[in-house]
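S.K.: Chain residues, written in single-letter form:
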Amino acid sequence: MDSLLQTFIEAGTLMLAGMVFVFAFLGLLVIFINLVLVKLANKYPDPIIQSKSKPKAKKTNIASNGVTPQVVAAIGSAVTQYKQKHGDKA
Amino acid sequence: MDSLLQTFIEAGTLMLAGMVFVFAFLGLLVIFINLVLVKLANKYPDPIIQSKSKPKAKKTNIASNGVTPQVVAAIGSAVTQYKQKHGDKA
Amino acid sequence: MDSLLQTFIEAGTLMLAGMVFVFAFLGLLVIFINLVLVKLANKYPDPIIQSKSKPKAKKTNIASNGVTPQVVAAIGSAVTQYKQKHGDKA
Amino acid sequence: MEQLNTLWLSTGLANFELGQVIMMLVGCGLLFLAIAKNFEPLLLVPMGFGAILTNIPVAGFSEVGGLLHYVYYAGIDTGIFPLLIFMGVGAMTDFGALIANPKTLFLGAAAQFGIFATLFGAIALNAIPGFEFTLQDASAIAIIGGADGPTAIFLASKLAPELLGAIAVAAYSYMALVPIIQPPIMRALTTEKERKIEMAQLRHVTKIEKVIFPLGVLLMTIFFLPAATPLVGMFCLGNLMRECGVVDRLSSTAQNELINIVTIFLGLGVGSKLSADQFLNVETLGILGLGAVAFSIGTASGVLMAKLMNKLSSEQVNPLIGAAGVSAVPMAARVANKVGLEANPHNFLLMHAMGPNVAGVLGSAVAAGILLALVGQ
Amino acid sequence: MEQLNTLWLSTGLANFELGQVIMMLVGCGLLFLAIAKNFEPLLLVPMGFGAILTNIPVAGFSEVGGLLHYVYYAGIDTGIFPLLIFMGVGAMTDFGALIANPKTLFLGAAAQFGIFATLFGAIALNAIPGFEFTLQDASAIAIIGGADGPTAIFLASKLAPELLGAIAVAAYSYMALVPIIQPPIMRALTTEKERKIEMAQLRHVTKIEKVIFPLGVLLMTIFFLPAATPLVGMFCLGNLMRECGVVDRLSSTAQNELINIVTIFLGLGVGSKLSADQFLNVETLGILGLGAVAFSIGTASGVLMAKLMNKLSSEQVNPLIGAAGVSAVPMAARVANKVGLEANPHNFLLMHAMGPNVAGVLGSAVAAGILLALVGQ
Amino acid sequence: MEQLNTLWLSTGLANFELGQVIMMLVGCGLLFLAIAKNFEPLLLVPMGFGAILTNIPVAGFSEVGGLLHYVYYAGIDTGIFPLLIFMGVGAMTDFGALIANPKTLFLGAAAQFGIFATLFGAIALNAIPGFEFTLQDASAIAIIGGADGPTAIFLASKLAPELLGAIAVAAYSYMALVPIIQPPIMRALTTEKERKIEMAQLRHVTKIEKVIFPLGVLLMTIFFLPAATPLVGMFCLGNLMRECGVVDRLSSTAQNELINIVTIFLGLGVGSKLSADQFLNVETLGILGLGAVAFSIGTASGVLMAKLMNKLSSEQVNPLIGAAGVSAVPMAARVANKVGLEANPHNFLLMHAMGPNVAGVLGSAVAAGILLALVGQ
Ligand code: NA
Ligand code: NA
Ligand code: NA
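The listed protein sequences correspond, in order, to chains X, R, B, V, G and F.
First residue of the first sequence: 225, per the working numbering; consecutive thereafter.
First residue of the second sequence: 225, per the working numbering; consecutive thereafter.
First residue of the third sequence: 225, per the working numbering; consecutive thereafter.
First residue of the fourth sequence: 171, per the working numbering; consecutive thereafter.
First residue of the fifth sequence: 171, per the working numbering; consecutive thereafter.
First residue of the sixth sequence: 171, per the working numbering; consecutive thereafter.
Accuracy of the hints is not assured; some may be wrong.
[Stated by the list, open to error] Below, a list of computed lysine-lysine pairs in the BS3-like style, where the Cα atoms sit at most 27 Å apart:
{"no.": "1", "chain 1": "V", "residue 1": "K366", "chain 2": "V", "residue 2": "K508"}
{"no.": "2", "chain 1": "G", "residue 1": "K207", "chain 2": "G", "residue 2": "K273"}
{"no.": "3", "chain 1": "X", "residue 1": "K267", "chain 2": "F", "residue 2": "K207"}
{"no.": "4", "chain 1": "X", "residue 1": "K263", "chain 2": "F", "residue 2": "K207"}
{"no.": "5", "chain 1": "X", "residue 1": "K263", "chain 2": "V", "residue 2": "K377"}
{"no.": "6", "chain 1": "X", "residue 1": "K267", "chain 2": "V", "residue 2": "K273"}
{"no.": "7", "chain 1": "V", "residue 1": "K377", "chain 2": "F", "residue 2": "K207"}
{"no.": "8", "chain 1": "R", "residue 1": "K267", "chain 2": "V", "residue 2": "K207"}
{"no.": "9", "chain 1": "V", "residue 1": "K508", "chain 2": "V", "residue 2": "K273"}
{"no.": "10", "chain 1": "G", "residue 1": "K377", "chain 2": "V", "residue 2": "K207"}
{"no.": "11", "chain 1": "G", "residue 1": "K508", "chain 2": "G", "residue 2": "K273"}
{"no.": "12", "chain 1": "F", "residue 1": "K508", "chain 2": "F", "residue 2": "K207"}
{"no.": "13", "chain 1": "R", "residue 1": "K263", "chain 2": "G", "residue 2": "K273"}
{"no.": "14", "chain 1": "V", "residue 1": "K363", "chain 2": "V", "residue 2": "K481"}
{"no.": "15", "chain 1": "F", "residue 1": "K273", "chain 2": "B", "residue 2": "K263"}
{"no.": "16", "chain 1": "F", "residue 1": "K273", "chain 2": "B", "residue 2": "K267"}
{"no.": "17", "chain 1": "G", "residue 1": "K273", "chain 2": "R", "residue 2": "K267"}
{"no.": "18", "chain 1": "V", "residue 1": "K273", "chain 2": "V", "residue 2": "K207"}
{"no.": "19", "chain 1": "F", "residue 1": "K377", "chain 2": "B", "residue 2": "K263"}
{"no.": "20", "chain 1": "R", "residue 1": "K267", "chain 2": "G", "residue 2": "K363"}
{"no.": "21", "chain 1": "V", "residue 1": "K508", "chain 2": "X", "residue 2": "K267"}
{"no.": "22", "chain 1": "X", "residue 1": "K263", "chain 2": "V", "residue 2": "K273"}
{"no.": "23", "chain 1": "B", "residue 1": "K267", "chain 2": "F", "residue 2": "K377"}
{"no.": "24", "chain 1": "R", "residue 1": "K263", "chain 2": "V", "residue 2": "K366"}
{"no.": "25", "chain 1": "G", "residue 1": "K207", "chain 2": "F", "residue 2": "K207"}
{"no.": "26", "chain 1": "G", "residue 1": "K273", "chain 2": "B", "residue 2": "K263"}
{"no.": "27", "chain 1": "G", "residue 1": "K207", "chain 2": "B", "residue 2": "K267"}
{"no.": "28", "chain 1": "G", "residue 1": "K366", "chain 2": "G", "residue 2": "K207"}
{"no.": "29", "chain 1": "V", "residue 1": "K207", "chain 2": "V", "residue 2": "K363"}
{"no.": "30", "chain 1": "R", "residue 1": "K263", "chain 2": "G", "residue 2": "K377"}
These are calculated hints, taken from the structure and not from any lab test.
Between the sequences and the hints, there should be enough to build the whole structure, so can you do that?
M.R.: Set out below in structure tokens:
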């Protein structure tokens, strides 16, 4: 029973030390974000037209509605060609 | 020569035992399909619009003719826009 | 110092042997190309419509402008349908 | 005739032991949960299948020379598979919501109370005859409360390999049960008014913040908790590959083909630990019970922490997102969103809940590191 | 000068042995068959290349520390590569046609007579001086009749590793030759009228049948033939991942990237067994001869079984699909379809032939299990 | 209290050594170069990260049982990872430009003078106290002049594993610096008129030439330099898979998923050799210095060789493409193109420069084989 008590105390200490550590660690991360990252963000803002976000946006675009700008261009061109071929009355 | 005969007999037994076993095993599978699977199929038929077959069908659709519904929609919309822009006479 | 000299000599020989070998090897490759490959090319020219280059071309096509022949066909068909539905005056 | 006898003696029917039959049924049960109930199928399908294979008599899948033996010792005993999964998860994780609202890290921290309370509970179970969990065992069990599969497998493989099967089953089962376990606790601990709290839109997070963040996390882990660096390090490597923008092909492979390949083997290898002698005992019941407790306590701690933060600060957070602090990404965040929508149909909490959700992943990796540092070896 | 001598002594020219030259030509021959004749190129390209590499003097590819040594011992000696290929093949296999027409399982069973008759033949060859096949050797050779590459490699690596190279060459060569070997046999054993038989359209197979089928196959294998569970188990795992619908990303990886990676290494590793001392002997001729016999007998047995079934039942099957029972998926089914079209241009047998075709895969895995159980160790 | 002490003793802060801190900064430096400066990011991101991980105190990444230990010994010490990368690179390489203009092979040969001159220089450094390079060390360092990452890693792992980290850092850094190192040398050694030389359009290369070429290269390597067959062999296997047209799925996997997976591990494993005791010494400075010399000499040799060829033949080559002979595919070819465009805005040298560029890959693999044959063991 004595050893059980001892294990209990050990487990209790572990619980306390663990939670303190977790909070301290993630708390430091909060400070890191607020001090370091926010400053970095101000100093190096994203370029207005991000070179990287462009292809991403394109990908999303394709993924979300399946229509690429090229298709739209092709449609425009097809309509134009059709118009020319058939003599548009507009 | 004697040992050859013995090996022959062994090989013959192996052949017999093997074929019997293969037939028995696959025969049991026939029974399994006819008894268990067919019953399961009756009890849990595929939903009429299978949730799984839908994306598959879509994929096939794309694969087989390369045109997604979105493209068709885009075409419709392009045609409509063109009509509006150019004052349709129809 | 003596052992240094020896190493120097060894390194010099290595340098010489190495460069001679590299030139000899790649020189033999030149001969291989001029003798063997060129002859093979004359004997087995690529078929005019290569069975392999076709899908490649198709892939490139898709990759470069994102429009498959199917889409073009669909556009044509959409335009035709639109024409029929709306009574083309052309 | 002798041949037929040999054949008969080599059949499963002639060699089955009861435990093996039961464990195969457990494997089938896992497959059922995965396929019919959609319980974490990516891991539970190979794991359930592995449980069946490892219990086949005569076949020797998990003995020297067997496939699962190689898989387990090469991939799980060494820790390689969980670490590669963690790298892939890192490459899938977007820390944007967390960086935009760093306070949510405290929610992720609070939810780890589920782990440490369960550790205490596991030791307490020793008072009941039949349970004899060492501190190592108890720690490996407690990590179930972290709601993070690879972390649990990694820690269990280091601290209590003989409990690995039961711990993995419990961890993944409860992660799948998050939509059932969490909502009642969330509703019980919050008022209607609290659940209706709308939160301010998150600020834009720049690219450089996202690139530096994983490096900062790694640096702090190196300083304060090297024992957690295998997990945190591989996670941060994945995340850095994702965000740095110059190795997209590596990031994509880490998120897709590599993680898929490793998942198949990880599942099979974990399943190979579901043998009768290691699973069919009262300790497994204890593990399953403690796992449920751990999840519940973690959920409650996250919610209560959010309420406490609202008391201390004027900027209000919806306490429902505290429940997402247990991790179980992205399920817990979706649950928070869903419960929020019930109270206020115009209140979309998903993005806000992603902050504590990914904080919970870091939190449980840190907790695993603490346990390794304190009770390891 | 000494340097130049060292360099000369390190060249291949100074160290070649005749056997190595011949085996390199064999490797080139395999590459030629693969590239120019399209003979099972996915395996024969890496295998032919591996045969060249392993026979390079001085380089030591297959000695301790050499690349092919690692590949062989890590992947083939352990059985891991063939089993992973089998998982991928399972993920590619649709059992729908088989479930819709279960009678075709008997065709797949009959075609395995090719295996067992060849086993007998291999033993008979011992009567000729120069041949000394043990029962293990004979079994490993006989499995060529199963027309299934990974099964043959798996069994040979367990029963007769020193014959592995020749067996793999024979198995893949004859699989590639199916369109040449089978049609004459099929035409000789059937009448014009039989070849014209049209078969009823297959019924729709529901999702649940396809999900339960691999589990049922595994269960029966566990009960009756545990020795076959490595092969059948991994095959069923792949098939379950395919059909269950909740792990599509794992199934896709198993069918694509994973099987591609393993195929490269499997080919190289098998090629590394094509060394002069193991390949250039009269036994290889015996293996090549027996392989051809095995294929022919298997084809004939399948066709004759179909004719027998037509005698016993009113529902007629086109006996051509019996030839597909040797497996060689999907080539044998295509051959059945093609020969059928010659007789009746409106008769598409492809789907009907897929039944015996996949039954043949199961059949030869079962046969391999029987051989392992009876002559293994 | 004791617990807190244990926790403190387990922190990195309590265990750091100065060398580890410096090596972590080196790792961060590599990450900075990779991410901010786009220096060979595919390898430098995992390598820089590996350098950080391996220097974490207490964590033991590179000790027995640590992740990087397994990665290094399974993949780099055995040579498997560089060889697989080489296979992938082979599958990405189009030899068309080289076959169309075989003379460019001499440019690739000449550029290897960078390697052998550096070998001489490394030995010469021994005259300075503090340097004690063996012939093995000097050879491993000299290969940096080959401008080919996997070749350098492969050779260093065989001849001088303790220098591997520094050699890899130097090799990849200078490969990234090609656009800065080469142009001044190219301009200094050529006249404006030479830089304006336009070259004839390349002839069409047929499929059969591309299929036979890798086999011919392999055959010659077997005859004359078996020690180079691991590198050349895997490269040719990849190239054959690319060109033969019947195993496109294997070729695609070798170029994408497989090379990506291996690249992550190769980078981590190489980074694990960046430990303080192996990197922070005067030899590393020597290696970095010699590497720069090697690149410069290689570039100059290529350009001068082209000028010599113009003297000897009427068919003129633009000497700028000689600089591409160092390999560093495809960067060096792009540099040649860019410098050429400065002199003549209508002169596109890219395709012409691809000839010496891929010749340089073969050339440095051959050089590596020579060094292995002469100073190996
Ligand atoms: Na967690
Ligand atoms: Na078969
Ligand atoms: Na080079």
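S.K.: Would you mind marking each hint as holding or not holding in the structure?
M.R.: Consistency of the hints with the structure:
no.: 1; hint: K366(V) with K508(V); in the structure: holds (12 Å)
no.: 2; hint: K207(G) with K273(G); in the structure: violated (35 Å)
no.: 3; hint: K267(X) with K207(F); in the structure: holds (18 Å)
no.: 4; hint: K263(X) with K207(F); in the structure: holds (22 Å)
no.: 5; hint: K263(X) with K377(V); in the structure: holds (13 Å)
no.: 6; hint: K267(X) with K273(V); in the structure: holds (22 Å)
no.: 7; hint: K377(V) with K207(F); in the structure: holds (15 Å)
no.: 8; hint: K267(R) with K207(V); in the structure: holds (18 Å)
no.: 9; hint: K508(V) with K273(V); in the structure: holds (22 Å)
no.: 10; hint: K377(G) with K207(V); in the structure: holds (15 Å)
no.: 11; hint: K508(G) with K273(G); in the structure: holds (22 Å)
no.: 12; hint: K508(F) with K207(F); in the structure: holds (19 Å)
no.: 13; hint: K263(R) with K273(G); in the structure: holds (17 Å)
no.: 14; hint: K363(V) with K481(V); in the structure: holds (14 Å)
no.: 15; hint: K273(F) with K263(B); in the structure: holds (17 Å)
no.: 16; hint: K273(F) with K267(B); in the structure: holds (22 Å)
no.: 17; hint: K273(G) with K267(R); in the structure: holds (22 Å)
no.: 18; hint: K273(V) with K207(V); in the structure: violated (35 Å)
no.: 19; hint: K377(F) with K263(B); in the structure: holds (13 Å)
no.: 20; hint: K267(R) with K363(G); in the structure: violated (40 Å)
no.: 21; hint: K508(V) with K267(X); in the structure: violated (38 Å)
no.: 22; hint: K263(X) with K273(V); in the structure: holds (17 Å)
no.: 23; hint: K267(B) with K377(F); in the structure: holds (12 Å)
no.: 24; hint: K263(R) with K366(V); in the structure: violated (50 Å)
no.: 25; hint: K207(G) with K207(F); in the structure: violated (49 Å)
no.: 26; hint: K273(G) with K263(B); in the structure: violated (57 Å)
no.: 27; hint: K207(G) with K267(B); in the structure: holds (18 Å)
no.: 28; hint: K366(G) with K207(G); in the structure: violated (31 Å)
no.: 29; hint: K207(V) with K363(V); in the structure: violated (33 Å)
no.: 30; hint: K263(R) with K377(G); in the structure: holds (13 Å)
This entry does not satisfy hints 2, 18, 20, 21, 24, 25, 26, 28 and 29, going by the numbered hints stated previously.
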